[in-house]
Amino acid sequence: MIDFSKNYFALFDLEPAFQIDLARLEPSYRALQAQVHPDKFSSAGDAERRLSMQSSTYVNEAYQTLKQPINRARYLLSLHGIDTQEETNTAMPADFLMEQMEWREAIGEATEAADAAALDHLAGKLRHATHQLHAELGQKLDQQHDYAGAAGAVRKLRFLDKLREEINDALEALET
Amino acid sequence: MALLQIAEPGMSAAPHQHRLAVGIDLGTTNSLVATVRSGMSIVLNDETGRPLLPSIVRYDAHGHTEVGYAAQAHQCVDPHNTIVSVKRFMGRGLKDIPHANEMPYQFIDAPGMVQIKTCAGIITPVEISAEILKTLRSRAEKALGGELVGVVITVPAYFDDAQRQATKDAARLAGLNVLRLLNEPTAAAVAYGLDNASEGIYAVYDLGGGTFDISILRLQKGVFEVLATNGDSALGGDDFDRRIFCWVLEQATLTPLNANDTRLLMAKAREVKEELTNHPETRFTAMLSTGEMVDLQITSKILSEITQSLVQKTLAPTRKALRDAGLSVEEIKGVVMVGGATRMPHIQRAVAEFFQQEPLTNLDPDKVVALGAAIQANVLAGNKSSEEMLLLDVIPLSLGIETMGGLVEKVIPRNATIPTARGQDFTTYKDGQTAMSFHVVQGERELVADCRSLARFELRGIPPMVAGAARIRLTFQVDADGLLSVSAREQISGVEAAITVKPSYGLTDDQITSMLSASQSFASHDMQARALAEQRVEAQSILAAVDAALAADSALLTAPELSAITASQRALQDTLAGTDHRAIKNAIEALNRATENFAARRMDASIKQALTGQKIADLST
Numbered sequence: 001m002i003d004f005s006k007n008y009f010a011l012f013d014l015e016p017a018f019q020i021d022l023a024r025l026e027p028s029y030r031a032l033q034a035q036v037h038p039d040k041f042s043s044a045g046d047a048e049r050r051l052s053m054q055s056s057t058y059v060n061e062a063y064q065t066l067k068q069p070i071n072r073a074r075y076l077l078s079l080h081g082i083d084t085q086e087e088t089n090t091a092m093p094a095d096f097l098m099e100q101m102e103w104r105e106a107i108g109e110a111t112e113a114a115d116a117a118a119l120d121h122l123a124g125k126l127r128h129a130t131h132q133l134h135a136e137l138g139q140k141l142d143q144q145h146d147y148a149g150a151a152g153a154v155r156k157l158r159f160l161d162k163l164r165e166e167i168n169d170a171l172e173a174l175e176t
Numbered sequence: 177m178a179l180l181q182i183a184e185p186g187m188s189a190a191p192h193q194h195r196l197a198v199g200i201d202l203g204t205t206n207s208l209v210a211t212v213r214s215g216m217s218i219v220l221n222d223e224t225g226r227p228l229l230p231s232i233v234r235y236d237a238h239g240h241t242e243v244g245y246a247a248q249a250h251q252c253v254d255p256h257n258t259i260v261s262v263k264r265f266m267g268r269g270l271k272d273i274p275h276a277n278e279m280p281y282q283f284i285d286a287p288g289m290v291q292i293k294t295c296a297g298i299i300t301p302v303e304i305s306a307e308i309l310k311t312l313r314s315r316a317e318k319a320l321g322g323e324l325v326g327v328v329i330t331v332p333a334y335f336d337d338a339q340r341q342a343t344k345d346a347a348r349l350a351g352l353n354v355l356r357l358l359n360e361p362t363a364a365a366v367a368y369g370l371d372n373a374s375e376g377i378y379a380v381y382d383l384g385g386g387t388f389d390i391s392i393l394r395l396q397k398g399v400f401e402v403l404a405t406n407g408d409s410a411l412g413g414d415d416f417d418r419r420i421f422c423w424v425l426e427q428a429t430l431t432p433l434n435a436n437d438t439r440l441l442m443a444k445a446r447e448v449k450e451e452l453t454n455h456p457e458t459r460f461t462a463m464l465s466t467g468e469m470v471d472l473q474i475t476s477k478i479l480s481e482i483t484q485s486l487v488q489k490t491l492a493p494t495r496k497a498l499r500d501a502g503l504s505v506e507e508i509k510g511v512v513m514v515g516g517a518t519r520m521p522h523i524q525r526a527v528a529e530f531f532q533q534e535p536l537t538n539l540d541p542d543k544v545v546a547l548g549a550a551i552q553a554n555v556l557a558g559n560k561s562s563e564e565m566l567l568l569d570v571i572p573l574s575l576g577i578e579t580m581g582g583l584v585e586k587v588i589p590r591n592a593t594i595p596t597a598r599g600q601d602f603t604t605y606k607d608g609q610t611a612m613s614f615h616v617v618q619g620e621r622e623l624v625a626d627c628r629s630l631a632r633f634e635l636r637g638i639p640p641m642v643a644g645a646a647r648i649r650l651t652f653q654v655d656a657d658g659l660l661s662v663s664a665r666e667q668i669s670g671v672e673a674a675i676t677v678k679p680s681y682g683l684t685d686d687q688i689t690s691m692l693s694a695s696q697s698f699a700s701h702d703m704q705a706r707a708l709a710e711q712r713v714e715a716q717s718i719l720a721a722v723d724a725a726l727a728a729d730s731a732l733l734t735a736p737e738l739s740a741i742t743a744s745q746r747a748l749q750d751t752l753a754g755t756d757h758r759a760i761k762n763a764i765e766a767l768n769r770a771t772e773n774f775a776a777r778r779m780d781a782s783i784k785q786a787l788t789g790q791k792i793a794d795l796s797t
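Chains as they are written, first to last, in my numbering: chain A, 1 to 176; chain B, 177 to 797.
Heads up, a few of these hints could be off.
Said to hold, decoys possible - Result set (DSSO-like, lysine-lysine): computed pairs, CA atoms no more than 30 Å apart in a straight line:
{"#": "1", "chain 1": "A", "residue 1": "Lys-125", "chain 2": "B", "residue 2": "Lys-586"}
{"#": "2", "chain 1": "B", "residue 1": "Lys-397", "chain 2": "B", "residue 2": "Lys-509"}
{"#": "3", "chain 1": "A", "residue 1": "Lys-6", "chain 2": "B", "residue 2": "Lys-397"}
{"#": "4", "chain 1": "B", "residue 1": "Lys-586", "chain 2": "A", "residue 2": "Lys-6"}
{"#": "5", "chain 1": "B", "residue 1": "Lys-761", "chain 2": "A", "residue 2": "Lys-156"}
{"#": "6", "chain 1": "B", "residue 1": "Lys-344", "chain 2": "A", "residue 2": "Lys-162"}
{"#": "7", "chain 1": "B", "residue 1": "Lys-560", "chain 2": "B", "residue 2": "Lys-344"}
{"#": "8", "chain 1": "B", "residue 1": "Lys-509", "chain 2": "A", "residue 2": "Lys-125"}
{"#": "9", "chain 1": "A", "residue 1": "Lys-67", "chain 2": "B", "residue 2": "Lys-509"}
{"#": "10", "chain 1": "B", "residue 1": "Lys-586", "chain 2": "A", "residue 2": "Lys-162"}
As the list claims (entries may be wrong) - So these bits of chain B aren't anywhere near chain A, every CB distance computed over 10 Å:
{"#": "11", "residue": "Thr-429"}
{"#": "12", "residue": "Arg-499"}
{"#": "13", "residue": "Ile-508"}
{"#": "14", "residue": "Val-555"}
{"#": "15", "residue": "Gly-644"}
{"#": "16", "residue": "Ala-747"}
Bear in mind the hints are in silico, worked out from the structure with no lab data behind them. Glycine included, C-beta positions come from ideal geometry on N, C-alpha and C.
Modelling step: build the complete structure from the supplied sequences, incorporating the hints.
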C-alpha cells in the first residue's frame, strides 16, 4: 500500500529540507489519505483493513511531523543522526536565558493585571520571535548544514513553545 | 466445473447494484434514519409521515416494548418503565449520571454501566438503545425494500471509548453492521458542505438534547478535515427544560412531586421551550395528580434569563476549540447550527454575536446529522466513488499513561487526527522486575486522580534484568471509529500484552464534563501550585546565596546598607510562610534590588583579587 521504509519527505515527494513548500505538502497528504484511509476499505477483508489503518496512521504521523516546523527540524536532524538533546542539554546561552526571564516577567505582569490585550500582544511578539527562529533553522539546516547549531535552535523553540502555552493558559484562566 | 456463486443476503454480487446503507442519528431526545436515493440524502419517515422517532422505550410486564411516540404517550402514566434520554446512560456508571436520584428509574449500579429494573426485568442502556435502532432498522428496510448492508451511526464528538463501544454494541444487538461511528458535527458538515459546495473553514455548533459539541473543520475539495473539537458531554436541551422546570417549582411554590408529576412538568417544560421559539410568550399549564393546577405566564425574556449561564457554558469550549485550531473568529467562514436546541433564538443570537456573523440554519437542525451520516454510509457501502469525499476526524481528549508519583504522561494529544498511533518507552525500576502494570487514562489534567481511568493491564514474563535495562514499548492505537487499543512489548525478549479498552472502564459524560471544566477552571490552580513551588525554591536559593555573600564580604557594606539587606531577607522569609507566589516573587525582587550594589562591589572586589592573583602568579614564574 505505502512504503513504510520511505522517509517522511520521500513519502510526500519532497526534498528533505527545513524549508518545504507547505502548499505542496497539503495536497500530497490529502491524495495519500484518499488512497489509504480506512473509509476506502470498509468492505475489505481484515488484513487489508488493518494495513489501511496502519498506512493511514503512518501518513498522519508523517504529515504532523512535517507540518510543524519544530517537529520537521527534529526529524530532519534525526535523519542526520543528530539528537536534539532537549531533555538532557540544558546549557543555554546567557542572553537567551535573559530574554526568557524578560518574557516570563512580562507574561506574569500581564497575567497579574488580568490584561488580555497585553497577553494578546505578547502572543503576537512571541509569534514573531518564533518565525525568526524558524528562519534561523532554515539557514542552519538548509544552507550552512550546521546541525549542532540547529539542534540548539530546536531547544530554543521548545522554550518558546512553553511560553506560548503559558500565555494560552493565562488567557484561558481569564475567560473562565 | 464452474462453481455457483451465492451472494450474502443484502450483499450484491453484481458490481453496479445499489447496496442498501443508511445513516442513523441515535439522539438523546429523537433518533432518525436517512439514506441516499438518486443522489439525494433524505430522511426516511415512519408510516404516518413523521421523520423523528422519539428516543423513548417503554417496557411492559409481558416483555413487549413500545418505541417512539407510543412510548412517549405513556411516559407520564408509567414513568418507571418508560425510559427517556437513554443516551445519557450509555457506558456510564450510576455515580456518573447527574440527577440520577431525581429520575423515576430503579437503577442498579452494575460494574461499568448502570442497569435499570423494569417490570420486564433488568435492562441495560445498550439493550434500550438497541430497541430504538431495531425500530429504525425495520423502518429503513420497509422503505428500501431489502436488508441493509451496513449503517453509519453518529455519536457526539465528545463521546469516549466506553460510550462509543456501547453504541457499537447496541448496533450489533439490533443486528446492524456498523460501517463507521461518525462524529455528529462532522456528519453535519458533510451534509452542509456537499449541499452548498462550500470551501473554507467552518465551525459546527451542535447543541443536542444531552450533549454539546463544537468542531472546527476545513472543507476543501471534498475533504473534511477536523482541525479541533471540544464540547461538554453533559449539556443539552434537557438542561434548558430542567431550568424551566425549576423555575416553575419556584414560581408555583410546589411541594415535592411524585414521579408522574415530575415527568409531566418536565414534558410540559419542553413544550413551552419549543413554543417560545416562535412566540414571545406562552402559558405553562398543567394539572397535577393532586388536582392542583399550575398556570403560569412565561416569556422568551424569562427563558433567556434563566438559561443565560447554560448558553455561556457553550462558549468556553468554543473559544478553546478555536485556540487549539490556532484560528481567530475572523477566519471562520461560516457557522453551522445543529441540534434542536439551536432553534432557541437567544442561542442563535449568542452564537451570531460570538462569531460576528449570522449562523447557517438553512438545513433542518434535527435532520442534518442523519443526512450527513447517510452520505457517508453511501460512500462506505461502495455506491459512490469514494474519491469524492474524505473525512479526517480527531480524538477529543488526550490519552495517556500513569507514571511514578500519580502523574500523567500524555501519549496521544487531543485533536490528533485519527487513525493515529504513538509509542512510548518505559523501563523497570527494580532489579529482577518481571512484571509491569499500566494504567491508561484520558483527560487534560496533570494528575491521574483528575483524569478518567480507561483501563489497567499488566505485562508479565519480562526476563529478570537489572533495573532500567528492560525496554518496554507501549503502543496506543486509535482507529477511525475513535476506539483505542493498547499493547505493550518488551523489546529484548519480545514478551507482549495487548488490550482493547473495554466499555466497563469507559469515561463518563459527567467525568469528561467535569474534567474539562475542571481543566479550564483549575488550569489556574495547577499553575499557581506550580508557580508557588518554583518561587519557594528560588527564594531559598537566593536566601542561601545572600547569607553566604554576607558571611564572606559584609565588610564591603555600610551599616545602613547591611540593615536594608537583612530587612529584605526577613521580608522574604516571612512571605515563605504563606502560599502567595506573587508575594514571594515580589519579595525576591526586592531582595535582588537591595543586594544589587553589594553584588557589584563583590564582583569588583573579586575581579581585583583575580587580577592581583594573576600578577602574583606572573611574578612567581
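> Hints broken by the structure, by number, lowest first?
Replying inline: 6, 12 and 14
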